[in-house]
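Asker: Chains as they are written, first to last, in UniProt numbering: chain A, 1 to 257; chain B, 1 to 310; chain C, 1 to 426.
Wrong hints could be hidden among the right ones.
[As the list claims (entries may be wrong)] Here are the simulated lysine-lysine pairs, DSBU-like style, with alpha carbons at most 30 Å apart:
| id | chain 1 | residue 1 | chain 2 | residue 2 |
| --- | --- | --- | --- | --- |
| 1 | C | K19 | A | K141 |
| 2 | A | K230 | A | K192 |
| 3 | A | K59 | A | K141 |
| 4 | A | K73 | A | K192 |
| 5 | A | K230 | A | K141 |
| 6 | C | K236 | A | K59 |
| 7 | A | K73 | A | K59 |
| 8 | A | K73 | A | K63 |
| 9 | B | K79 | B | K109 |
| 10 | A | K73 | C | K420 |
| 11 | A | K198 | A | K63 |
| 12 | B | K79 | C | K420 |
| 13 | C | K236 | A | K63 |
| 14 | A | K59 | A | K192 |
| 15 | A | K141 | A | K192 |
Hints in this document: simulated from the structure, not taken from any laboratory. All of these numbers come straight from a predicted model, not from anything done at the bench.
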Amino acid sequence: MSIPALSINNLHKSFGPAHIIRGVTLDIEPGERHAIIGPNGAGKSTLFNLISGGYHPSKGSIKLRGEEIGGMKPFRINRMGLSRSFQVSNIFSNMTVRENVRCGVLYSMGYGYGFWRNVGNLHDVQRKTAEILESVDLLDKANLPAALLPYADQRTLEIAITIAGGADVIMLDEPTAGMSHSETERAVALIKQATEGKTLLIVEHDMGVVFNLADRISVLVYGEIIATGKPTEIRGNEKVREAYLGDEADAIEGDAA
Amino acid sequence: METIVFSLLNGVIYGLLLFMLSSGLTLIFSMMGVLNFAHASFYMLGAYFAYTISEASSFWLALVFAPILVGLVGALVEKYGLRTVHVNGHVAELLFTFGLAYLIDEVVKIVWGRNAVDYRVPELLDFPLFELFGAQYPAYRIFTLFVALAMLAALWFILNRTRAGLIIQAALSHPHMVGHLGHNVPRIFMTVFGVGCALAGLAGVIGGNYLVTDPAMAVQMGPIVFVVVVVGGLGSLMGAFLAAMLLGLLQTFAVAIDARFADIFGWLGLSEATELGSITIASLAPMIPFLMLVLILMVRPRGLLGDREL
Amino acid sequence: MTNVAVNSVNVLGPSGSQKFMRRIVPLIALAVVLAVIPFFGPSRTVYSLMSAMGVNIVFAMSYNMLLGRAGLLSFGHAVYFGLGGYAAVHAMGAIEAASYGEGGFWASYPVFFLPVIGFAGGALAGAIIGWPSCRRAGTPFAMISLGVAELIAAAGFMFGSIFGGEEGISGDRMNGPELFGLSLGPIDEVYWFIAFWTFIGVLGTYAFTRTPLGKMSEATRDNPERVEFVGYDPQKVRYLVFIFSGGFAGLAGGMAAVNYEIFTPEALSLVPSGMVLLMAYIGGIRYFAGPIMGAVLLTYMQSMMSDYSEAWLLYLGLLFIAIVMFAPGGLAGIVVGLFNGLRGEGAGENFRRWSVQIAGIVLIMIGLITLVEVSVHWSNNYGEVFEPFGMHLPHDGVLTWAVIFIPFVAGVGILRMAHKNKEGQA
Numbered sequence: 001m002s003i004p005a006l007s008i009n010n011l012h013k014s015f016g017p018a019h020i021i022r023g024v025t026l027d028i029e030p031g032e033r034h035a036i037i038g039p040n041g042a043g044k045s046t047l048f049n050l051i052s053g054g055y056h057p058s059k060g061s062i063k064l065r066g067e068e069i070g071g072m073k074p075f076r077i078n079r080m081g082l083s084r085s086f087q088v089s090n091i092f093s094n095m096t097v098r099e100n101v102r103c104g105v106l107y108s109m110g111y112g113y114g115f116w117r118n119v120g121n122l123h124d125v126q127r128k129t130a131e132i133l134e135s136v137d138l139l140d141k142a143n144l145p146a147a148l149l150p151y152a153d154q155r156t157l158e159i160a161i162t163i164a165g166g167a168d169v170i171m172l173d174e175p176t177a178g179m180s181h182s183e184t185e186r187a188v189a190l191i192k193q194a195t196e197g198k199t200l201l202i203v204e205h206d207m208g209v210v211f212n213l214a215d216r217i218s219v220l221v222y223g224e225i226i227a228t229g230k231p232t233e234i235r236g237n238e239k240v241r242e243a244y245l246g247d248e249a250d251a252i253e254g255d256a257a
Numbered sequence: 001m002e003t004i005v006f007s008l009l010n011g012v013i014y015g016l017l018l019f020m021l022s023s024g025l026t027l028i029f030s031m032m033g034v035l036n037f038a039h040a041s042f043y044m045l046g047a048y049f050a051y052t053i054s055e056a057s058s059f060w061l062a063l064v065f066a067p068i069l070v071g072l073v074g075a076l077v078e079k080y081g082l083r084t085v086h087v088n089g090h091v092a093e094l095l096f097t098f099g100l101a102y103l104i105d106e107v108v109k110i111v112w113g114r115n116a117v118d119y120r121v122p123e124l125l126d127f128p129l130f131e132l133f134g135a136q137y138p139a140y141r142i143f144t145l146f147v148a149l150a151m152l153a154a155l156w157f158i159l160n161r162t163r164a165g166l167i168i169q170a171a172l173s174h175p176h177m178v179g180h181l182g183h184n185v186p187r188i189f190m191t192v193f194g195v196g197c198a199l200a201g202l203a204g205v206i207g208g209n210y211l212v213t214d215p216a217m218a219v220q221m222g223p224i225v226f227v228v229v230v231v232g233g234l235g236s237l238m239g240a241f242l243a244a245m246l247l248g249l250l251q252t253f254a255v256a257i258d259a260r261f262a263d264i265f266g267w268l269g270l271s272e273a274t275e276l277g278s279i280t281i282a283s284l285a286p287m288i289p290f291l292m293l294v295l296i297l298m299v300r301p302r303g304l305l306g307d308r309e310l
Numbered sequence: 001m002t003n004v005a006v007n008s009v010n011v012l013g014p015s016g017s018q019k020f021m022r023r024i025v026p027l028i029a030l031a032v033v034l035a036v037i038p039f040f041g042p043s044r045t046v047y048s049l050m051s052a053m054g055v056n057i058v059f060a061m062s063y064n065m066l067l068g069r070a071g072l073l074s075f076g077h078a079v080y081f082g083l084g085g086y087a088a089v090h091a092m093g094a095i096e097a098a099s100y101g102e103g104g105f106w107a108s109y110p111v112f113f114l115p116v117i118g119f120a121g122g123a124l125a126g127a128i129i130g131w132p133s134c135r136r137a138g139t140p141f142a143m144i145s146l147g148v149a150e151l152i153a154a155a156g157f158m159f160g161s162i163f164g165g166e167e168g169i170s171g172d173r174m175n176g177p178e179l180f181g182l183s184l185g186p187i188d189e190v191y192w193f194i195a196f197w198t199f200i201g202v203l204g205t206y207a208f209t210r211t212p213l214g215k216m217s218e219a220t221r222d223n224p225e226r227v228e229f230v231g232y233d234p235q236k237v238r239y240l241v242f243i244f245s246g247g248f249a250g251l252a253g254g255m256a257a258v259n260y261e262i263f264t265p266e267a268l269s270l271v272p273s274g275m276v277l278l279m280a281y282i283g284g285i286r287y288f289a290g291p292i293m294g295a296v297l298l299t300y301m302q303s304m305m306s307d308y309s310e311a312w313l314l315y316l317g318l319l320f321i322a323i324v325m326f327a328p329g330g331l332a333g334i335v336v337g338l339f340n341g342l343r344g345e346g347a348g349e350n351f352r353r354w355s356v357q358i359a360g361i362v363l364i365m366i367g368l369i370t371l372v373e374v375s376v377h378w379s380n381n382y383g384e385v386f387e388p389f390g391m392h393l394p395h396d397g398v399l400t401w402a403v404i405f406i407p408f409v410a411g412v413g414i415l416r417m418a419h420k421n422k423e424g425q426a
């Protein structure tokens, strides 16, 4: 077996007396599309923040391709090839769409903190930016101020910035939240295409998206993973059914697409 | 020995004055997030109002009415100025108060002139209270001490024993919560701003004749007030109190110490003839607050007792 | 797909001619203006005013690298201006000494290039002071800048051998090798020196905005969290910007060193720091040309208005507060707004509304200016009376208070009405 793309071992996180993440252990293989689901307050966002460097783990380890990243600064983790999106659109709203994506591209192409180059003359950056805009279908809106984009396009831009740096582990935090049905469908297609061949870790409430997209699913309840497995296994799992109530349980049991 | 006793007494009084001056800003800053650059200008207004009132009538009327007047001016500034700027964020608010400080400075110069005014200690208190080690101690300083302590007690009572105080306390540590409690947030802000300015005004009434009343007093005190608030910590009046006392004592003692760098670092070979060696500790006194400010922001950004970072 | 993408590179961003219009033409215009001024045969007063403007333009541009572009509010930017200036003054002294003495490096260093020394001095100061300052943006940054400024200013008066005490340190610019045939003695030769470095300063700060670091500085201003997740350390971005900003402030300091041939510790203090903040903000921090406009206006006010009225600082304060409250885009924002509003559709409507607003503002100004001037004359106690346009306005005259209140109230009324009308339409 190869080294896992992401390997989490006995991870804990407490905020004062509140023990939010209680011993999460999870291995994600390279190229796998892994979804984390769970009821509200289960600790999904905390887990995301721990992996991407937003929080320090209280205990346990997080390894990216075998290298420990727990507690590292977000920008270091990002440079090692892990990139994430945010639940609330987190874009550079004073910039144009093109400039937003360019911000995501610059570091990965080695321009770092350069102050001796004119960004307008960096043709490789421009080409890469155009490719990414093309791949997410935002090319025609490239010169619009990001703040003026419709909501769904802002979410798309969020994903575009996330993949722009060429990271091979992509984490998406509720990428389709707040989207209409047709917008969601398009977003899923886009995510599939944009993360082709990459490792994907996704938190999502929309079960349709989850079962459509994921190779494997982990269910997080009260800071613990109660089940991990293929979508069919999760559907049949008794513990998962107990954790969910009402509509959401139906969504899991039924044909969710 | 006598230096120590006198410095201790003067330091405590100066510290209390600083606290009186800064407590209002701690309230304002913690609740509204406004680091009011003009806070010391309200202190100056307090001194000048008191001067004018006591010229026309008596110091005792000034002691009551000057802070009230300053508070009213503060409330008006909040209502017609700050509130407009609020939507543009904290930097805009900070800049607004920065401009306001400029403005008040100039207005004071026009109305009361560029030189110090003769704002004197009231005759009733203008006598030496007691003699210590052959030196006389002015009664007015002890009066200052009592006014400051009375203010401290009143503030404590209001904050801990009244309903309004409890709301303010809640708002100090959780500024976003006030609105959810169903209170009229703009009115609370206006009141807190007004009261904060009135406290600064009171400090002006007492400090104006204890120190000196001139148009430069705001510029001198302004940054020091920031130091007290920041070093004390966001949301903590107790922290502001500690910081004010610490600052008062440190500065007073530094002035009283008769030593040069060469005396302290002589063992390192620093001679009094060198520029560095000839610097006196007393001349460093004005720098102490800013050294504290920079250090605390670097080492402990939440301040001494603050409940959150700036 | 790749083919499409490659073709679309050309679609992206502004076209060549747009770029030329937007980026190159303004710079050429600046160069032309700078070059043409001497041909109008300006007086000595105008020359020295122009030179002061040049210094302030570069200083304000350097300040806006922080406030406008990186979102860092500094209350102590004069520290870098002053330290750069002191470095240049000391270098000027070294040039003088070397030209009389045995030579060496300084003997061959032209005074014309002293702003380079200023840049180095300011950048070095920025590199030392910046690291602890740039950990956080916002209020902590502002407070540290204030504390550092107070400390450096106090140290300035303490170390006489470096800062020259109250009298400061003076130098003589007419030493060392001449460049471009400029002896830098007469004021018109100094002008060319200032014009050259003003252009370099503006060009340099502009070029900086086009670099990856410059772009990321804007990104860090708007969203430091996101910046971390695209591989950048916001603290390092701020720090590097801070060093450059210090450098350009030092460049302005170097220009001032040559222009005035003296530097005093006052130059490090909170007063010039506050002034540069006013220049940048009044001009408009979100526009590249904003600080230039602010620097020109304030330098003009400083030297001209202080002759007409003692209360010019009061007017400055009023102007600043008005900008903060009603026009956060500054003068540049107003100009851009007027320009755009009078071009597109609804131009007639806009024109009408603005005419009404301007009338209101003028009325308010008449009231305020009268109030201020009458007060100043009264306060001076010389028995002088404010007498504009042959009117006699003593502080206790009925006419005086009519001239103050009627226009003021009318102006406020007009502005409120215009505001209501606009809201009614919207």
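Asker: Now tell me, hint by hint, if it's right for this structure.
Answerer: Here is how each hint holds up against the structure:
For the hint pairing K19(C) with K141(A), the CA-to-CA distance comes to about 19 Å; that is within 30 Å, so the pair holds. At most 30 Å may separate the alpha-carbon atoms for a hinted pair to count; K230(A) and K192(A) meet this at roughly 17 Å. With a CA separation close to 45 Å, the supplied pair K59(A) and K141(A) exceeds the 30 Å bound. Among the hinted pairs, K73(A) with K192(A) is consistent with the structure: their alpha-carbon atoms are about 28 Å apart, no more than 30 Å.
Note on K230(A) and K141(A): the hinted pairing is violated, with a Cα-Cα distance of about 38 Å set against a maximum of 30 Å. Of the pairs offered as hints, the one joining K236(C) and K59(A) holds, with about 29 Å between alpha carbons and a cut-off of 30 Å not exceeded. A hinted pair counts as satisfied when its Cα atoms are at most 30 Å apart, and K73(A) with K59(A) qualifies at roughly 17 Å. Between K73(A) and K63(A), the direct Cα distance comes to roughly 14 Å. Compliance with the 30 Å bound is thereby established for this hinted pair.
A C-alpha spacing of about 25 Å is found between K79(B) and K109(B), which places the hinted pair at or below 30 Å, so the restraint holds. For the suggested pair K73(A) and K420(C), the alpha carbons sit about 51 Å apart, so the restraint of at most 30 Å is broken. For the hint pairing K198(A) with K63(A), the CA-to-CA distance comes to about 17 Å; that is within 30 Å, so the pair holds. The straight-line distance between the Cα atoms of K79(B) and K420(C) is roughly 20 Å, inside the 30 Å bound, and the hint therefore holds.
At roughly 26 Å between alpha-carbon atoms, K236(C) and K63(A) fall within 30 Å of each other, so this suggested pair holds. With a C-alpha separation of about 33 Å, the suggested pair K59(A) and K192(A) falls outside the 30 Å cut-off, and the hint is violated. With a C-alpha separation of about 22 Å, the suggested pairing of K141(A) with K192(A) holds against the 30 Å cut-off.
When the structure is compared with the earlier hints, violations turn up for hints 3, 5, 10, 14 and for no others.
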